[in-house]
Amino acid sequence: MRRVRALRRAPGVTMALLVLLVWVAIAVFWPQLVPYGPTEQELTSRYEPPSAQHWLGTDNLGRDIFSRILAGSRSVLIVSVASTTLGVAIGTAIGLCAAFYRGKVDELLMRSLDLLMAFPIIVIASVVLAMLGPSRLNLVVVIAVMLAPYNARVVRSAVLSWRDRDFVAAARMRGESGAFILFRELLPNIVGTLNVEYTLRLALSIFAVATLSFLGFGIQPPTPDWGLMVSEGRPFYQIAPWVVVAPAAAIASLIVAINVVAQKLRS
Amino acid sequence: MTEAGPVLQVEDLSVDYRTGAGLVAAIRGVSLAIASGEAVGLVGESGSGKTTLGMAIMRYLPANGQITGGCIRYQGTDLVPLTQRELSRIRGNHIAMVYQDPSGALNPSLRAGEQIAEVYRAHLGLNRDEARGRAEGMLELVGLPEPHRAYDRYPHQFSGGQKQRIVISMALAMDPNLLILDEPTTGLDVTVESDIMQLFADLRAKTSAAILFISHDIGLVASVCERVGVLYRGELVETGDTEGVFTRPTNPYTRGLLACRVPAGVSKDSRRLEPLPSGDTDAPAGACLFEPRCAFRKPRCREQHPALYPAGGSQRSRCFFHQEVARAGPPTVTASDGRAAGTGDGALLEVRGLRKVFRAQGRDLVAVADAAFTLGPGRILGIVGESGSGKTTLARMIAGLEVPDGGKVILSGVDVTKPANKRSLASRRALQMVFQHPDGTLNPSHRIRQILRRQMRKLDAGDAARHDETLAELLRAVQLGPQHLDARPRELSGGQQQRVAIARAFCTGPQLVILDEPTSSLDVSVQAAILNLLIDLQRREQASYLLISHDLAVVRYLADDILVMHDGEIVEYGPAADVFESPRDPYTRTLLSAVTARVGQALLAPPATQPETADESRMPDPA
Chain A
1 MRRVRALRRA PGVTMALLVL LVWVAIAVFW PQLVPYGPTE QELTSRYEPP
51 SAQHWLGTDN LGRDIFSRIL AGSRSVLIVS VASTTLGVAI GTAIGLCAAF
101 YRGKVDELLM RSLDLLMAFP IIVIASVVLA MLGPSRLNLV VVIAVMLAPY
151 NARVVRSAVL SWRDRDFVAA ARMRGESGAF ILFRELLPNI VGTLNVEYTL
201 RLALSIFAVA TLSFLGFGIQ PPTPDWGLMV SEGRPFYQIA PWVVVAPAAA
251 IASLIVAINV VAQKLRS
Chain B
1 MTEAGPVLQV EDLSVDYRTG AGLVAAIRGV SLAIASGEAV GLVGESGSGK
51 TTLGMAIMRY LPANGQITGG CIRYQGTDLV PLTQRELSRI RGNHIAMVYQ
101 DPSGALNPSL RAGEQIAEVY RAHLGLNRDE ARGRAEGMLE LVGLPEPHRA
151 YDRYPHQFSG GQKQRIVISM ALAMDPNLLI LDEPTTGLDV TVESDIMQLF
201 ADLRAKTSAA ILFISHDIGL VASVCERVGV LYRGELVETG DTEGVFTRPT
251 NPYTRGLLAC RVPAGVSKDS RRLEPLPSGD TDAPAGACLF EPRCAFRKPR
301 CREQHPALYP AGGSQRSRCF FHQEVARAGP PTVTASDGRA AGTGDGALLE
351 VRGLRKVFRA QGRDLVAVAD AAFTLGPGRI LGIVGESGSG KTTLARMIAG
401 LEVPDGGKVI LSGVDVTKPA NKRSLASRRA LQMVFQHPDG TLNPSHRIRQ
451 ILRRQMRKLD AGDAARHDET LAELLRAVQL GPQHLDARPR ELSGGQQQRV
501 AIARAFCTGP QLVILDEPTS SLDVSVQAAI LNLLIDLQRR EQASYLLISH
551 DLAVVRYLAD DILVMHDGEI VEYGPAADVF ESPRDPYTRT LLSAVTARVG
601 QALLAPPATQ PETADESRMP DPA
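Those protein sequences? They're chains A and B, same order as listed.
Straight run, no breaks: the first sequence in the working numbering ends on number 267.
Straight run, no breaks: the second sequence in the working numbering ends on number 623.
The shape of chain A in the complex, shown without the other chains (with noise of 0.2 Å):
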């Protein structure tokens, strides 16, 4: 009864999870869900509008995109989740240090991830995916760089409340190490900082991937990816909107439903 009265309270928040939920189901079990193969091309079937056999009609090359659509959730789930968790925790790790030491290391770590951020994202991740081969591991990689120093100066101002407790004096008295008390004593209170700072951060990953893609700098074709859907259907967008329009929804529906449940976990 009590949940049924908070779903009705935060209807949104419901919703957003539930999309949620659907896109990693689809993500697990699109092999079983696809009427037609991913990749299968059709010549003859170009450019269909939505009908009953092509749910979402069909790309340049004849290609299915509802199909498409399903099995490029896998590809943006697994690189954004992967680069965020790894971002998330190099940001922590560093986050934590900066504030824990304070001093020189502190300034040093600080500064050098302000000079990361001077450039925007995009255009350091695909200067550096240029020249490193665009590869899935690659994409994680520079992503999760990216991403860190965003992390690390929230982590560093939460804990920076809690460094100056005297439970932290206690264990400094009675000897403990820094590992310990960066680990134990501080990380579990920042937790619930944590937990805002992924989902966020996940929605910039998942964007970062799109866009990466739609670069040419990501997953490369004839793989099916959103982002790179948008940018095959782009010069065709007059004549087949669906084309474009599908993928770009896609992207758009989990990442508005993530930041919706970043928002409720932040209140």
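Read the hints as simulated data drawn from the structure, not as lab findings.
Even for Gly, the Cβ is constructed at its ideal location relative to N, Cα and C.
Fair warning: there could be bad hints in the mix.
Derived coverage of chain B by chain A (criterion: at least 3 residues anywhere in the stretch with Cβ under 8 Å from a Cβ of chain A; other residues may be distant) [to be verified]:
#, region
1, 169-178
2, 416-424
3, 432-446
Beyond 10 Å from chain A on every Cβ pair, some chain B residues (computed) [claimed, not checked]:
#, residue
4, 60
5, 241
6, 364
Starting from the known structure of chain A, arrange chain B on it as the hints suggest.
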């Protein structure tokens, strides 16, 4: 103002707070009246609802608070049904409030004088020059030096005490008919507090405002107010003339509050404190709210809720057995077992030329200048000083939390002038600390069991089974049960948290414990129990204490020796009795007179102890 009735009349006021756990009653049917020129005090511990009452009168309750019954008449007009707009006219012109924290009441981006002048411009329509003149006059009235220059300064350029004076002058600027003072001196140093209280005494002669003085400090209320009300869990439990209530209490709670105060000028060797039982359990529904803690309780107290009964003179008491309480007279005082302090032979702790300099905005600030003293085994050394005197920095250097810029700390003959984590296991075991803020002293994400076990595992070589045994015994000693082991810190009260912190400090048998304001954020009733506990543990374990406190009564009570710090320097150091009796340093004298200057102290002089000891007769008279 034509009517001769009271300026403020609160009748049967009830206030509830909406919380996650449902509605919580903060004020339960409180009635009080204040006439023009009269000062009424409201005493209570944290959670008694005294601040809520002040807020309710101003109609400044937080969003989850609501007045559920009763009325608040200001000069006959009920404020409860008024709209915010109508209220703001009355508030602005007639009612003023001074809060505990002065920095929150001043706008940091406006000049101090402007904020007072604004009152004159807005309410009296004066022009700039006239308003400035009046404001400067006001600053002079509250005793700020050079009011003309003070007018143009910003709030951050004043000290805490000066800021509170400015807030008071703002409150008085519109010549209010009703002045509400909510803990106006809490958080200020003793010498500043005594100045502000003197200011109130002077102002009483100049204004005819009705004053509601809210405080947890019985001594302060006694020095200002003619009448007083004692609040317990949102309920008035005793009202009457200040003198009557505080010298002949007719309610067990009032009596308990008076008994558990640390009497001025008394030492632990001559008298034991009398704590109130803890208030951690709730009374059953329909019972007297104080029943679980009451020394006079009878079966009837569990079945019926008492009303406020006339209890002789002007007094009214919410107790079925008020006559019995009154007959019991002033609280009896148990003599201490009189065991002497350690001999002080040899030196457990030796501090030589300890020095700490902080660099702030390019300037060197000497926090501690060449401090030197020795502390013998089994003795208690009290360090006294105002905020910024360097006493906490000194303690943190000894604890290894701060690295000194010069000098040495020697503990049991071993040089420990280094950070705590570089010290040997033996040195770390030997020195522990109890901190000021109970809520910061325990990690909120750990359970009590985890906190205590970790302390033992890190500092004690024994096996887990023996650790658990030691902990169980220690837990009993600090009056906590095994059920508290699974609790998280936020589920405990402040007093309980501090008990856990004390258990943590003692669980590995330290020789020296640093106590940094161990009771200053606790209620008086809890303070007495904690101080008794600290004395018992000290005697049992034969540990030495380094006690830091701004509360001279507490230091006088606990300490064998006293060290007075002022601006980073040790200005006085000697046996407690000598320092209190014949202070040599002018600063020490100022500090001591600031405490004894409290008018209320005379009224509340400690009741005579039954067995008079030789030590007691040498005590200075606090009056």
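How the hints compare with the structure:
Counting residues of the region 169-178 of chain B whose CB lies closer than 8 Å to any CB of chain A gives 0, so the stated coverage by that chain is violated, three being the minimum. Figure legend: the region 416-424 of chain B, annotated as covered by chain A; annotation consistent (4 residues with Cβ-Cβ distances under 8 Å, at least 3 required). Coverage of the region 432-446 of chain B by chain A holds [criterion: at least 3 residues with CB-CB distance below 8 Å; count 12]. No beta-carbon of chain A is positioned within 10 Å of the beta-carbon of residue 60 of chain B; the least distance is around 25 Å.
Every CB of chain A is more than 10 Å from the CB of residue 241 of chain B (nearest about 43 Å), matching its label as outside the interface. Every beta carbon of chain A lies more than 10 Å from that of residue 364 of chain B, the smallest distance being close to 18 Å; the non-interface claim holds.
The structure fails hint 1 only (numbered hints given earlier).
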